[in-house]
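**Q** Sequences listed follow chains Z and R, in order. Quick note: the first sequence, position 66, residue 66 per the numbering used here, numbers continuous. Quick note: the second sequence, position 214, residue 214 per the numbering used here, numbers continuous.
FYI, nobody ran anything at the bench for these hints, they're computed from the structure. Cβ atoms here follow ideal geometry from the backbone N, Cα and C, with glycine treated the same way. Be aware that a few hints might be false.
As the list claims (entries may be wrong) - Here are the in silico distance ranges between beta carbons for each label pair:
#, chain 1, residue 1, chain 2, residue 2, range
1, Z, ARG207, R, GLY166, 44 to 50 Å
2, Z, PHE210, R, THR192, 20 to 26 Å
3, Z, ARG168, R, THR192, 54 to 60 Å
4, R, THR192, Z, ARG207, 14 to 20 Å
5, Z, LEU99, R, PRO284, 30 to 36 Å
6, Z, ARG207, R, SER303, 17 to 23 Å
7, Z, GLY301, R, ALA148, 32 to 38 Å
8, Z, SER94, R, LEU29, 35 to 41 Å
9, Z, VAL188, R, VAL167, 54 to 60 Å
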Amino acid sequence: MTTLDTAKRVLAGPHRRVLYAFAAAATILVAGAVIHPGFGSWTSLRTMLVLASFIGFVGAGQMLVVLVGGIDLSMPWVLNGAAIVLTTSSLGQSGRLPLAVALALGVGAAVGLANGLGVAWLGVPAVVMTLGMNGVLQGLSLGLSKGLTCGSCASYAPEPLRRLVVGRLFGVPSELLLWAGVALFVTVLLTLTTFGRRVYAVGNNPRAAFLAGVGVRGVTVVLYMLSGVFAALAGITLVAYGGQPSLGLGDPYLFESIAAVVVGGVSILGGRGHYVGVVAGSVTLVAIVTLLQAERVPEYGRNVIYGLVILAILFTYGRERADD
Amino acid sequence: MSELRAATLGYAVLAATAIAYLVVYTTSLGHLPTPFDYLSLLNTSLPLVFVAIGQSLVVLTGGIDLSVGGMVGLGVAIVAAGSTSGAAVTAGWMLAAVGAGAACGAVNGLIVAKGRIAPILTTLATLSVYSGLALKVLPVPGGEISPAVRSVLTDPDVPTGLIWLGVAVAGWLVLRRTRFGMRVYAVGSDETAARAVGVPTVWVKVGVYALSGVCSGLAAVFYVSTTTSGDPNAGDSFILTSIAAVVVGGIAFAGGRGSALGAVAGAFALTLVIDVLFFAGIDPLYQSLFQGLFLVVAVLLGSLVRWRRA
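Make the full structure from the sequences, and use the hints.
**A** Structural data, given as structure tokens:
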């Protein structure tokens with residue numbers, strides 16, 4: 001048994017795509033360090049990791065629904081809505097922070113519940129249900145906050161929350177520890193629990209899973225709720241990072257979440273993928289954008305290159321099996 | 001399935017929205033809508049109508065095209081950047097916009113069919129590429145369109161738009177009956193079976209994505225004609241609204257069932273809803289709330305009707 005054999009076995013196994021995802025992240029990071037001096041420094045890496053953590057949170061939610069063949073298009077305004085709820089209910093006071101965080105996460109869970117019920121019980125296609133809910137949340141966020149001009153809309157995130165990004169624990173930004181916690185939670189949930197087994201079973205073949213006694217509808221609802229909660233968590237941490245919510249805060253995160261999931265080696269058809277891959281995917285996406293900005297590539301060039309790099313990654317390990 | 005049955009949901013939703021429009025318009029202004037109102041509704045709907053027809057073709061094969069946003073944006077940029085001189089030059093750039101759409105769409109189709117990458121991922125990546133190209137062609141919003149072109153495409157006083165709508169609908173009805181049209185439904189219903197009976201599935205897919213690009217190019221032409229200027233980001237809103245129009249039009253996401261005419265009706269309904277909300281005196285900030293509910297309720301009603309029939 002040589003190391004080569006082991007490597008071959010891993011490459012042929014189910015973790016192949018996760019390895020590819022890490023290889024992609026490493027390639028971009030090394031290329032960046034070679035092209036741009038200072039790109040590989042700890043300060044620059046730390047900034048990129050913090051930015052990647054926001055994608056990591058929405059990616060966690062998106063991955064959970066993608067695993068059962070679904071998709072969550074309601075993320076942008078769940079994220080934005082949760083961010084607005086956080087600042088308007090905490091009013092910048094530390095004492096109100098726990099309640100505000102609970103409310104913001106509650107918004108995410110409630111929207112996720114509605115999405116899950118619509119998809120699993122009413123049979124509305126996931127694209128339609130979550131697209132509709134995105135509109136509902138956008139209307140509510142804009143309407144209730146009067147276009148973010150309401151009296152309490154000017155408040156900042158409370159100080160303890162802001163320390164999440166600025167503060168350090170054992171020399172590591174607390175935000176990154178939070179991301180590590182999320183990664184651990186999602187990985188344990190999916191690989192070590194019965195619930196996780198059921199998720200993959202539903203993703204691979206919902207009918208077979210149903211016949212085997214899996215509560216397909218219940219699993220689906222829980223996954224959409226978790227997706228909503230993770231989108232809200234991204235909203236909360238983005239407010240911690242920026243101090244105040246803005247309108248359209250969540251818009252980039254819909255495509256980023258889907259891209260992180262597939263660059264992370266999760267099959268868009270469901271049933272296959274691991275969160276560690278999504279972590280690598282999030283880092284890859286941020287590294288590409290950071291490198292293009294550092295090289296002063298104009299905006300149009302950044303869009304074109306970003307799209308081409310994602311296409312190249314998809315061609316490497318995101319292809320579907322030939323069926324002829 | 002007859003064309004009428006296939007598009008029933010779209011027609012029903014459009015009829016309901018139209019009645020709501022007449023009621024709120026009349027109660028708020030005290031008279032029925034004028035010909036000018038109908039005409040401006042028609043002209044503002046046309047770009048979405050075209051994108052929705054293209055999106056329908058793709059969805060009928062079981063795919064989805066998110067890059068319509070980039071292709072419309074690129075088309076708008078080409079027309080707006082090139083149309084500073086006379087009508088003949090403008091017409092040339094309009095053809096170029098449609099050609100660019102066809103080329104972009106064909107690339108999508110080749111990646112999906114030959115590269116075997118899921119449509120949603122392919123078009124997500126190419127959306128970024130095409131949006132970038134649009135920014136290159138027209139870095140800042142601007143441009144102007146000659147009145148001569150406007151009077152042919154979307155005259156604000158004479159219903160020339162009706163002719164183009166007629167051409168689009170007739171185009172679909174003809175396409176539906178061609179061999180290519182049959183193959184689109186065959187691929188959407190059961191790709192493996194279609195391949196087994198000799199349908200060239202790869203080329204059918206390249207064809208529908210290319211046609212979606214052509215439709216996006218046409219939408220860009222009509223968009224610049226109605227708004228009289230160009231914005232490279234103009235296409236973004238068409239991604240979600242074209243999907244919504246297809247859904248409201250009763251086209252099945254799994255492919256193989258539905259008619260683009262339903263999506264055309266859906267596109268008109270979605271444009272009408274905005275006016276209904278306006279005349280009903282609803283704060284525009286709440287607009288997307290009602291659009292979202294409209295989408296979900298329309299689909300729920302559709303599935304209820306299907307259950308009753310089953």
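**Q** Could you tell me which of the hints above the structure violates, numbers in ascending order?
**A** 8
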